[in-house]
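What follows is each chain in one-letter form.
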Amino acid sequence: MKSSNFKNLFFLLIGIFTAGVSWEVLLFFVKDKPVPNAVFTQSIIDAKLVSEVLKSENPKVLFVGGSNVLFGVDSKQFSESTGIPSLNFGFAAGMGPELILDLISNHLSSEDLVVMNWEYEHFRFERSGIIDLTYLNLLMSYQHEFKRKLPFIDQRHLSLSTPFSHFREAVLCHFNPLVDNNIYRCNWLIDNEGNVRSNKGVQISKKELIASPSSLLTTEITFTSDIKDIFSNFVKDCRKRNVQLFASWPNTFANPVYFENEIVDANIKTIRRFWNSMGVEVVGNYKDSMLESEYFFDTSYHLNAEGVRLRTEKLTSQLKPYLK
Amino acid sequence: MLFNEQTFLFYFFPVVIVGVLVFRLRSSYLTSWWIILTSFFFYGFHGWQHLPLLILSVLVNYGIGLGIEKMAVKRSGHNLLIFGIVCNLLILAIYKYADFIISSFHLAYSLNLTLPLAISFFTFQQIAYLIDVRKGKVTTPSFTNYCTFISFFPQLIAGPIVRCQGMIPQLQKGLLGKLSSKNFWSGICLFSIGLFKKSCLADGIRPLVDVIFSASYDGITLSLAEAWVAVLSFGLQIYFDFSAYSEMALGLGLILGLRLPLNFDSPYKAVNIVDFWRRWHITLSEFLRDYLYKPLGGNRLGVYRGVFNVLLVMLLGGLWHGAGLTFIMWGFIHGCMIGFYHFFRSFTQNKAQIKSALLKKLLASFVTFMTVNAAWVFFRSENMNSAFGMIKSMIGLNGISLPRSFDFLPLGELVSFDGIFPNQTVDLGLLAFLPVLLAIVWFAPNAYQLLRLNPKKDSYIVMPSFQIIFLCGLLLFFGIKVSFETLSYDFIYFRF
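Protein chains in written order, with the numbering used here: chain A, 2 to 325; chain B, 9 to 504.
Mixed in with the good hints there might be a few duds.
Said to hold, decoys possible - Simulated restraints on C-beta separations:
{"id": "1", "chain 1": "B", "residue 1": "VAL23", "chain 2": "A", "residue 2": "SER199", "range": "51 to 57 angstroms"}
{"id": "2", "chain 1": "A", "residue 1": "VAL51", "chain 2": "B", "residue 2": "LEU333", "range": "55 to 61 angstroms"}
{"id": "3", "chain 1": "A", "residue 1": "PRO257", "chain 2": "B", "residue 2": "CYS344", "range": "52 to 58 angstroms"}
{"id": "4", "chain 1": "B", "residue 1": "ARG412", "chain 2": "A", "residue 2": "ASP33", "range": "32 to 38 angstroms"}
{"id": "5", "chain 1": "B", "residue 1": "GLY407", "chain 2": "A", "residue 2": "ARG186", "range": "32 to 38 angstroms"}
As the list claims (entries may be wrong) - A few chain A residues that don't get close to chain B, going by computed Cβ distances all over 12 angstroms:
{"id": "6", "residue": "SER5"}
{"id": "7", "residue": "GLN43"}
{"id": "8", "residue": "ALA48"}
{"id": "9", "residue": "SER82"}
{"id": "10", "residue": "LEU217"}
These aren't lab readings, by the way, just hints derived from the structure by calculation.
All C-beta atoms in this analysis are idealised placements derived from N, C-alpha and C, irrespective of residue type, glycine included.
Between the sequences and the hints, there should be enough to build the whole structure, so can you do that?
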């Protein structure tokens, strides 16, 4: 190989490296300049983290998951029925399980009980896979500290996955004097126990629900190594802290295609085996969380007020035997 | 698999290069077959169901080519040529135009055929080959070289439409897989520039285009400013998209040792519509000129016949891009513009030459740019209604909306004061991108000028300077960076 080739390669690599460093610097520059999407999601997180339930010294029950928990479990109804303080710790599913678990782990104490209702998509979560913008926008702004806890390679991957639009929006929102970022905050009614109170009526039709079965359930689930690590670390941490863990099933519209479907049955068995292998008790049957169309709000994961009441009632009866 | 996807960048292309390095040590024959197989894989990756069609097309056309050559002086050779052309056009017609024709007659059924990728490109390339064999311009190459000529993956999907005369001699000289420093580094630089243009510039402006055009399709009445933003943005999107593809194709070709023809040469710097077509999709223009316009008589049969020929050629050129009235209309507009240009020129060519002042040139460039952009409306719109709605907005027939702060002006009913972008379809952050892109188009040197390459001359390749390689490293990073983002978009010309 000629020496000029080495020189060319050197200059090419220097160019790539310079661009990489410049991009990291640009992202660092906007880490305190959140974009609208991040403002929205963080305002939900803030609403939950200020709850008195989290600060309570007494044992508490925490319902954890994505939006199927946010729009699916009524922790207030649960507390009234059992007398145990509880909190709805559901967020946008796009935030991914790792960040949600990180948020909760600082607030767990001995004898707490955590009920996990992960969406089916969460079992395919990969730090270096297809990245959800909700997760990315948070990590590049409010949850910058969490990003630093991730492995170096995954941090770089996240940086590369961040679209230019994130930087553009961050700069525009910050430097535009006409924009007050507070307008992007979530305006749902969230009560002190973390429940959304603005999902009252039905907005989605049965036809729409039938037409859009979740491909996440009807295609074979394979657990990613990232998700195995994330959950097993969380389980170990909970054991150390004497926190009880349960897994349940996400709310889904009872689409006829799910029934007598070999792939769905196999997926359910796989999920059950996964939890059992870590010693996590699975409460109820997946069909318990599959409801009819009149109980859904805007998507096949979000229940309306009546749906939430029914689902919570069922969950409460399933959890009661485990409550001290 | 797109050139800007990780599958191509991190897996496919490195494997191809390693294979070339290994096979090159043994024989150029093995290298050719390695490239053919990987090209078929590249093609099949988009949809395996159409790979047999490509292979069959190659086999049949090669056979017909051999037959034509054997019957060089006989009438039957001519018949065989006609048979070959008809076969090629028939396949193209069935896949590309059958459903369009059926729907035009409002018949109640459709074939619902999926368009095989690149069918327009490999069909035209093979028609040109058959005609050239019949005319005796080329001799039939070996089957290996013919397969490589048609299937060579850098140009297979979206051109350039390579002529046999340009490619086969290079293959016969054994240049395929001959990695030389100059070729390699020029190729890397061209590819990096193309990748940056596609990922960051063309796809960067895309959301602006998509949102406004779909609003128009949904029946929303656009304001004058919104319509112009959409049109200019699409003009820039397709410019950078096609320019990117052409540069990446040439770059990949160079890395693998072959020189592909220039296909894109700063078309928005054109000073008239004919000049535009000498710079935009150059190989298609040359194909249409040599295999359609000239055989029709060109301009040798008088001005009016010349204008008619141009119109016909451009109509077919429009139809080549897609089966739809919008593409036909787009071709018709270009045909009219070129016809008008020729007509006008026939009256002025004998008169004294007017000195070409810079201002005049700039004005001519601007007028060409605006008319070409206005014609893109038909190219991009989903249907004629949407296109005419957009045109109406562009000329102010749907009313003009000014900022609210101007509402003190007594400007009558055609003017409202709901803001410049009343439908909120325009992302203002992206809007700032427009002047930057326009400045690049008009004032920046193109990739070939930057790399001091002149694909029209033999002294094509110059080793890029360290500064240029450093710059290309920067661009390569950002091009690759975008491949990590969730969304990736096809090249616009992939669908033809």
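Results of checking the hints against the structure:
Between VAL23/B and SER199/A the beta carbons are some 53 angstroms apart, a value that agrees with the proposed interval 51 to 57 angstroms. Between VAL51/A and LEU333/B, the C-beta spacing of about 60 angstroms keeps the proposed range 55 to 61 angstroms intact. Between PRO257/A and CYS344/B the beta carbon distance is about 56 angstroms. The supplied range of 52 to 58 angstroms therefore holds. Under the hint 32 to 38 angstroms, the C-beta atoms of ARG412/B and ASP33/A, about 33 angstroms apart, fit the expected range.
In this structure, GLY407/B and ARG186/A meet the distance hint of 32 to 38 angstroms, their C-beta atoms being roughly 36 angstroms apart. Not every C-beta of chain B lies more than 12 angstroms from that of SER5/A, the closest at about 6 angstroms, which undercuts listing it as non-interface. With a minimum CB-CB distance of about 21 angstroms to chain B, GLN43/A clears the 12 angstroms threshold, and the non-interface call stands. Distance check for ALA48/A against chain B: the nearest CB is about 28 angstroms away, which clears 12 angstroms, and the non-interface claim stands.
The non-interface label for SER82/A is consistent with chain B: the shortest C-beta to C-beta separation is roughly 42 angstroms, beyond 12 angstroms. At roughly 16 angstroms, the least C-beta separation between LEU217/A and chain B is larger than 12 angstroms, which holds for a residue marked as non-interface.
Checked against the numbered hints above, the structure breaks only hint 6 and satisfies the rest.
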